[in-house]
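Participant: Here are the chains, one letter per residue:
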Amino acid sequence: MSAQEHHHHDAGGAPHGTRRGYLTGFLLSVLLTAVPFALVMSGVIADQRITAAIVAGLAAVQIVVHMIYFLHMNTRSENGWSLMALIFTLVILVIVLAGTLWVMINMNHYMMPPMIEQPAAHTMDMSGM
Amino acid sequence: MAHSNLTAADAAPVFWETEPHHHAEGSSTMLGFWLYLMSDCLIFGILFASWGVYGRNFAGGPTSHELFDLKLVAVNTALLLLSSITYGFAMIAVHAHRKAAALRWLVVTLLFGLGFLGIELFEFHHLIHEGAGPGRSAFLSSFFTLVGTHGLHVTFGSIWLVVLMVQVSAKGLIPANVRRLECLSLFWHFLDVVWIGVFTFVYLLGSMA
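Taken in sequence, the protein lines are chains A and B. Residue 35 in numbering that gives the first Met the number 0 sits at position 36 of the first sequence, and the numbers go up by one each step. Residue 91 in numbering that gives the first Met the number 0 sits at position 92 of the second sequence, and the numbers go up by one each step.
Chain B extracted, bound-state conformation (with noise of 0.2 Å):
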């Protein structure tokens, strides 16, 4: 009798599982990151294709020829590559646990991630003070998101930034400030390719008369 109950409990389908599956903590983390930026990547793929179809609608306002200093979009675009290269020399450093090196780096990465974000408030304050805001036309409403948007991810990834230096200082380089630290890597770098885009599509081809 207990000997057919055994069998019969073995043979019942299985819809969960009563052990829990164990896994590392974090281990999840990096694939989970890496949706979130895809899901971002399809934020801003919505945000080029509205250029696309707004982009040369000047309503008879400014055109983008007119508008665009392509030396300032030049230098910003300096400055985010610049700031991928620095922080690919913290993560070297990181993995190679020396805290100091890494936290160098990482001040010198934020330095040139305010410094994209200075010459980009700048560009804006220019544009909005030359009565082309983003109220003007439907192109430079769609400007005005699109890069805006890219500039408010720089922005909190440079809130992240300080947030993770303060915390690195505080606790040293532990697993979860690496793994912490290699999101960002992903979020930074991912940024600069979203900026490969913004400056060839929105600049340089919007600069063409």
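Bound-form chain A, shown alone (with noise of 0.2 Å):
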């Protein structure tokens, strides 16, 4: 019997979660959502380049605080092929997404360079009246 429910909770798949997990998964939420907002409504840093990196670090370290205490991944849920499937899917976005925004990017620049200028200086004159 005991053998029996250790295969169905093998089988059965997720881990389930504490309250302790939930609560410390909640918090490092909250804390990686409130300095990303804080910073970019704030302005604080001068440099928006250096923003837009620090936000798009924190939301991807928050993206792993949810896998772990939300969705509790782990190497061991069902017998690993959960994360299989996580890392197969994490590859092939990697793919989709670098690979249209390095083609799309390049094709834009090499294939209007005038044009590119023209609308951009327009909304600009239009934001300034």
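It is worth saying that the hints were derived from the structure and are not from the lab.
Derived, one-sided and incomplete: chain A residues facing chain B with beta-carbon distance under 8 Å:
id	residue
1	H15
2	F36
3	V39
4	M40
5	Q47
6	T50
7	V54
8	Q61
9	H65
10	F69
11	A84
12	L85
13	V95
14	T99
15	L100
Sample of chain B residues at the chain A side, in silico, Cβ under 10 Å:
id	residue
16	F43
17	A48
18	K70
19	S206
C-beta: ideal position from N, C-alpha, C; glycine also.
Could you fit the two chains together into a complex? Lean on the hints.
Facilitator: Structure below.
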């Protein structure tokens, strides 16, 4: 019976969270959400590229926090197949996202250099008025 | 003669199992649902990619910097995050076999989810009313597609939540219902993960001039 229960637990998959785990994840998420909002809304860092990099970095950390504390991701669930599926998905996502942005930004850059200046100048005039 | 027949049958390669391989009911559901979520992840991946390409193509229309109201987005983010933790508490109650407490937490989760949807619909209505509908520019098309797809997921998650609340009240915390609640748990937390990407790459980075 105990063996059967053990089997059921393994096959049942998702490991259960604890109250402490959920609260830890929640507090970390609140912090990792509040900081980027505060950075962008207050604009304390003059260089926007640095702000953007910090905000994107914190998002990546928060996604990992959610994966561990809320989705209970670990190397053992479903004998590791959950993690394998996740890694495979991440590889595809990186290829799709990086490939798309790389190709399209390059194409914009090479295909229409004079036309890309004009609308940009136009919108700046509009917002100026 | 009989003996040689037996050995021939034993040595023959086996192409299918004659005895059904026994699995407990629902034992593969969680992995299957996880694979579905990963395929959903790819859908959001391509929507983020198109946002990355079109997100700054304003076509001379309103820009993301002018349109986005970060205070509203902050409230929405808080609502979704709170709904995640209350769903977590519901699952703790489920595993402790406390049906009434589980149902209470599920109701709270549903209210946060509906609050999120209400604010999102208000935002969409406001944008369309201002003439910044999905047809205005490539920026707005990709914005409405990405954020709208996420909103649709939350809508279906909420419907699923109501259905499970009815099922739990009717049948109690039977193994089948616990399994369904665990699937919705993954779905709900997954939507929160997608929202991290949305508020970061769409709203926060988009509202930077």
